[in-house]
Each structure stands twice: as structure tokens, then as C-alpha cells.
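Enquirer: Here are the chains, one letter per residue:
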Amino acid sequence: MKRLSTLSALFVWCACATLWAQEPELSEDEKVSRITGNLVCQCGCANLLVRSCGCPNAITVSQEVRKLVAEGTSEAKVFALYEEKYGAQVLGAPKAEGFNIVGWILPFVVTGFGTLFVVAMAKRLKPAQEESPETDRKSAGISEKYRKLLDQELKDW
Amino acid sequence: MIELGHYCLIACFLLCVYGTVAASLGGYRGNLPLVRSAENSVVGNFVTVLVASVSLCWLFLTDQYQVEYVASYSARDIPTVYKFTAFWGGQAGSLLLWALVLSSFAMIAVLQNRHKNRHLMPYVTVVLSGALTFFMILLTFATNPFDTLPVAPADGQGLNPLLQNFYMIIHPPILYLGYVGMTVPFAFAMAALMSGRLDTSWIRSTRRWTLVSWVFLTVGFTLGGTWAYEELGWGGYWAWDPVENASFMPWFFASAFLHSVMITEKKGMLKMWNFILILVAFELSIFGTFVTRSGVISSVHSFALSNLGPLFVVFLASSTSFGLFWIFYRSDQLKSEQRMQSFLSREATFLLNNLLFVSICFAIFWGTVFPIISEWVRGEKITVGPPFFNKVTWPLGLALLTLTGICPLIAWRKATAKNFRRNFLFPLGGGLLSGLIALGLGVRLLVPLLFYSAAGFVVLSIFFEFYKGARARQVIRPTHFLVALKDLTLMNKRRYGGFIVHFGVAMAFVGIISSSFFSVEKLVTLKQGEQFELRHYTLTFLEMVQRSDPEKDVVFARLQVFQNGEETGKLFPQKHFHHKSEQPMTEVAIRSTLRDDLYVVLSSFDEKLTQATFHVFINPLVQLIWIGIGIMACGGIFLFFPDKKSASKVTALRNRKVVRDEAA
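Just so you know, the protein sequences line up as chains A and B, in that order.
Count the first sequence with this note's numbering and you get residues 1 to 157, in order.
Count the second sequence with this note's numbering and you get residues 1001 to 1664, in order.
Just to be clear, a hint being listed does not mean it is correct.
As the list claims (entries may be wrong) - Calculated pairs, BS3-like style, for lysine-lysine (alpha carbon to alpha carbon, straight line, at most 27 angstroms):
(1) A/Lys77 <-> A/Lys31
(2) B/Lys1608 <-> B/Lys1527
(3) B/Lys1527 <-> A/Lys67
(4) B/Lys1391 <-> A/Lys85
(5) B/Lys1522 <-> A/Lys77
(6) A/Lys31 <-> B/Lys1391
(7) A/Lys77 <-> B/Lys1391
(8) A/Lys67 <-> B/Lys1522
(9) B/Lys1522 <-> A/Lys31
The set of hints was computed from the structure by calculation and includes no laboratory data.
All values reported here derive from a predicted model rather than from experimental measurement.
Same shape as in the complex, but just chain A:
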């Protein structure tokens, strides 16, 4: 158990160290890619992101974004500019505000309640015991009728 604890601790340490080490400085290309990967192309190609869509509109938006990034405009400001121009539907994911929060958290709430349910089931623990022959028969799928028949046959025999 000691070795297991040591390994687990090392694993957690590595994860934390990596957490601190993340968010490297992004190049201009990477910034543009990240922004266009969160903007929806408004050419009518049904929810393709600007980064993915190869239409002329997407090319224009990509060039606009590159220009804004080169001018030093922040990511949030770029998103705000496009939201002002096209409305909230231009954002690839809804902003976590107002009713949209329900959209973001509900999957985790459902998972959380589900986990609580599993824990609650485990709390109603049956005391550890050897399985009785009765249980074995049940789990083998033998119905009461056949069990009686079997018992009778064994008795007669």
C-alpha cells in the first residue's frame, strides 16, 4: 500500500506541476487559430467554425482577426466586436451568463446526482457474507417451480 501511495502522490505532483507549467506564450498564428476556432462562420454552412470553414466569408473573417490580433486587440475584445456585429450566435459556445449557465452546468449536475445515487446505493451495504445456496440458485436463473421439481427428483432418486 505504501508503494501505491508513493506512486499516487507522484502522479498528483506531476499533474499539479503541469498545471502550473501550462499556458505557454501563444504565437500570433496560434492566437488567430484559437479565436477563429471559437467563432461560427455566418455564411450559412450550418455551424462550421471560421477556422474550419473554407468559404470566402471565413477567409475574410480570418484576415480581419489576424489584423486585430496584430494590432494587439485582446481575445475578449475580438469576441465582443463580432458579437456586436452578428449577435450571440456568432460565438461557438454560449457565454456563461444568465440562462446559459444552466446549459453549461446541467450535464455536470446530472453526473453529480448520479454519482450521489451510486454512493447512496453503496452506503446501503449488505453485510459481507458468503452467498447462500439460495442466492446461487437465484443468480443461476432457476425459478421456484424448477427448484421444487429438482428437489423432488433428487429426493425420489
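Got chain A; can you put chain B on it based on the hints?
Expert: Same frame as chain A, now just chain B:
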């Protein structure tokens, strides 16, 4: 042929109605001849739908443009193979394909059970015939593929060029085999509830059907992803489009069911849960086709707006109510025979695994329908696209991947410290090592690092299990390690086939995470002779070439590719201008290696063909996804076959046969 097809549809509809009524009465009254007659009508359904389908194929192949459906999706100049696949290019034909697959599955199920599961079969026939009745109502009264035009046009409108692709020949039928396959387990589950025979016989009869459906769904949506990757030219394989999501959702429930039945068979637990899983899997398969046809949710894959939405809603509502009623009605008989003894047990981890499958499915469903809900509530249109799905699903996916490694290692009933030490130490060390290797290779993002560690843990746990099993077998029966490994695998296909699937899952996860987090892209405009670099690739734009054929004009670029300074070949990204389509089609050029895919799209070019804009992507480890999913499908097929019997079992069976023969 038009009349033949039309009358066959009507005949099938009448047979379906008869089959449903006769099987209901036969089952209720215990009238065997009536049940047999209903079962025969299921065979009749298949024959009539098959004749209707062959008729439609014939109409396509012989260019019968007086038929509206043929005129809409075919043309004289398209290749013969696409005239054949135009069968399912539109709504009516795809529904006919659905009916054909459903009727053939129903017939197989009925013929397989001529001499077994007799107490279930009347009700199985009711449900299968009932489901087919719905599709025959659609085909006969709402969207008949044999409707004719007042005046036949000289030529058809042609098939969408995007659908003229190898993957579109096989993707829809395979996906339909997966979707429709879920109807058979649903029918057996409902039959068990209706007949009150709630032992594990219905599970034994349906596990393989669910497995078949699961394999087809897995292959089906992967082919769809491959098609999108190679044909749509947006650099990815999964766009979290509503229709893609819809195809994915039944898969989660089928996967959950395949896991939970193990607990039911071994421990007599989760009985009601299994019925719920099968019910929801079936409803989601119908929901998928509803999303595609209703126009409720905007999608690149949607058929034109149609009048079928309300009919699908009625069917979904009625079949769900029907299933829930029977589950509720039998709820007293669906109580678990045993209770969980510890949270640290295989039972609990299987339950958690089921919870995660359902949670991921819910997250996808919720993201798919949230734009509609949000618009109702706030009156503002929003988009729920890939950034949302990626953020919401990764924590759940990571937990699921980790459980994939834990579930087979942890002990039944209650895990002890000894069990942990013996089973987990080596795989956990492997997980840690893979994390460290990823760190050493320069990965500095937490999420990929966690996934790589989890994948390493899963892979090592699988190898460890194979190794332990083979060594144990060598002790029992001294033989070569590889022979022991082969025997072990063949004699317990459910366990080791499951491990093969899990190995594929881990590989696919590594591919998905790598291509999602570490792909790079660049939009670049080049003049002839110019070059540019992206990571370790250098591309030189040599020239633009134009050519024409009777169907289309083609413009393509010749690009010389260098990898780390060494010439590795040429790529030819293209634009196709089909004469019958206003939209130009992109033909992507991909150079695939195990390490990465160099993916080049010709975005635009000038009139003189001297300058072009390219969208270039480098997607790492994409091949791992296809290989991983291929392994998953192979594992699923492997699971389908019965176990090889051990030598001692074969001898015992032979002896028993000899005794029986002598007694006779």
C-alpha cells in the same frame, strides 16, 4: 415497376397491420397457429419490401425520370454505382432502406427463434411488426418513393456531388444497420415485460443483437467522420453537428447496456436499469432520424424540411409511453436479487461506468437541444458548437477512460488492499510513465497529459491481464506462452474480447486528444514558385492546372512537399465545378503518416491561375483514431462468436453424448 413497387408497399403495410394484430391476439389467447401466421407475415414483410426496393433500384438504373424521386436524385451522366446509391440519397429512399433493414432483421429474429423463446416470440412479433407499420405508414401515405411527375423530364437533377464518394456508398447502410439493429433488443425487452418472463433469457437473446448494432454504429459513425474529413475540407472529422450527435447517442446507451448486462447475469442486479437502457437506446435511434428529417434543428446533414416531424413525435411519444408503462407495471419483479457490498467493487465501478456513458450522452443531447430551449426562454439565437461540447465532454471522457482501466482489475463484491496492490501497481506505474514520456516530449497542457496517463494506465492494465491469464494457464497446462495466450483468449471471448475493445478505445482517445489539442492550421496565399513552412513541412506551390470532363471542370494545384528538408512527394488539392451544381466542391489532398496528417485545401485562386490560397492543417495522430476504432470493431466482432471449449469440457461433452447414445 412503378406499380409493382407501389403495390408492394401497400401489401407490406397491410401485412404489418395483420402481423401486429394476429401476434397480439395469438399471444394473449395462447393461440399458436395465429402466432405462427403472424410470424409468417414477418417473412412476407421482408419479401414485399425487398421487391419494392429492387423496383426502385431498377427505376434508378434505367433512368425512369417520370418517378419524382428518381428525377430528384439521379441523372444520366452520373456513374452507375452512384445511380445505385442515389436510392438512399433522399428522404423516401432512405426510409425505404430503413424498412428493408428492419424487415430483414425482424425476419432473422423470427426464424432464429422458431423453436426457442416461444413464450417471448408473440410479443417480439408485435413490437417488430408495430415498428415496421410506422415506417410503412410514412412510405405509403407521407413520402412515397414511387410517386410520379405529370410530365417526365429529359434528365434528372443529379445526386449531390458531396454524396458521390466511396464512404457515402457504405456509410448510410452501415449506420442504418446499427440504428435499426436496436429495434430487435427493444422488441425482446418489451416481450419479456409483456410476457412477465423476466429471467435472463431475453438478455441472452438480445446481447448479440445489441453487439451487432453496436459494431455497425461504431463503424457507421466512423465512416461518416472519415467522409467528413476527406470530403468536406474543414480539417476535422467531427463537427458536433446535431445529426452527428444523434448518430452517436444510441451508441452510448448500447455500450452501457453491454456493460450492465454483465452485472445482471453475474449478480442479478440492475434489472430495471437494463430495460431503461434498451428503451432509451431504441428511442434515440428514432430521435436521430427525427432530427435529420424534422428540420427542428439546423444541420448540414438535414433533408429538406418535410411533413414527417409530427409523425415521428407521435411515434416517439407512443413507443416511450408503451415502454415506460410496462417497466412501471413490472417494477415489483425487477428488483435486484443482491445488493452492492462495497463502493470499492467491480459492481460499483460498472455502475459508475454506466453513469458516465449516460452522462456523456445527456451532455451531447443537452448541447444539441439547448439552442432551441435558449431561444424559447431568452428569445435570442445562440450557437452550441464544438467549443461547448469539447469543454463539457472531456472531464467525463477522462473519467470513463480511467474506469476502462479500473473496471476489469477491481475485485467483485469488495476490493481489498491486497487486490489493489496486486492488480493496480503495475498499470498505475505504466500510466505515470506515459505521463512522464508525454512531458518529456514537450506536452505542457494538463488535459492531454491526463489523457495520455489514463490511456497508458488502460493499455498496461490490459497487457497485464493478458500476461497474468496466460501465465496462469501455463501453470495449469504447460505449453508455450503464445499458445496459452491464444487458448486463454479463445476460451473466454467475452472477457478478452472486451479487453481488445478497450485497447482500441485507449488508442482512439490518444488520437482524438492529440489531433484536438496539437493540430495547427494556416491560411496562406502563394504565387507560383513560392513556398512556406508549417512545423516540419515545407510546401512549394509549383503550378495550377485546369481540365474538364463531361460532368465537371476541375482546377488543381501541384504542391511539392518537403519534410525536414527532404522531398517526400507531391499533393494535388482540387476544386470541382460540377455542371449541375452551383457550389464548387473541395477535394482535399492528404498526406497521412502514423505521426500526422498533412491536410491541404485549395481555398481560392485567381483567374490567371498564378496565385492561390491554401488552408493547410497538420493533424497529429489522426491515424490512431481510425486504427483504434478498427480495433474496437474487431473486438466487437470477436465478442460475437461463442467461446472455444477447453479440452476437458470437450471430453466431458463427448462422454455425455456417448452415455446418451448408449442409453438410447
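Enquirer: None of the hints should be skipped; say for each whether it holds.
Expert: Cross-check of the supplied hints:
1. A/Lys77 <-> A/Lys31: holds (13 angstroms)
2. B/Lys1608 <-> B/Lys1527: holds (11 angstroms)
3. B/Lys1527 <-> A/Lys67: holds (22 angstroms)
4. B/Lys1391 <-> A/Lys85: Within the cut-off at roughly 25 angstroms; holds.
5. B/Lys1522 <-> A/Lys77: Measuring from Cα to Cα gives roughly 22 angstroms; hence the hint holds.
6. A/Lys31 <-> B/Lys1391: Given pair A/Lys31, B/Lys1391 holds - Cα atoms ~18 angstroms apart, limit 27 angstroms.
7. A/Lys77 <-> B/Lys1391: Roughly 21 angstroms separates the two Cα atoms, so the pair holds.
8. A/Lys67 <-> B/Lys1522: holds (15 angstroms)
9. B/Lys1522 <-> A/Lys31: holds (12 angstroms)
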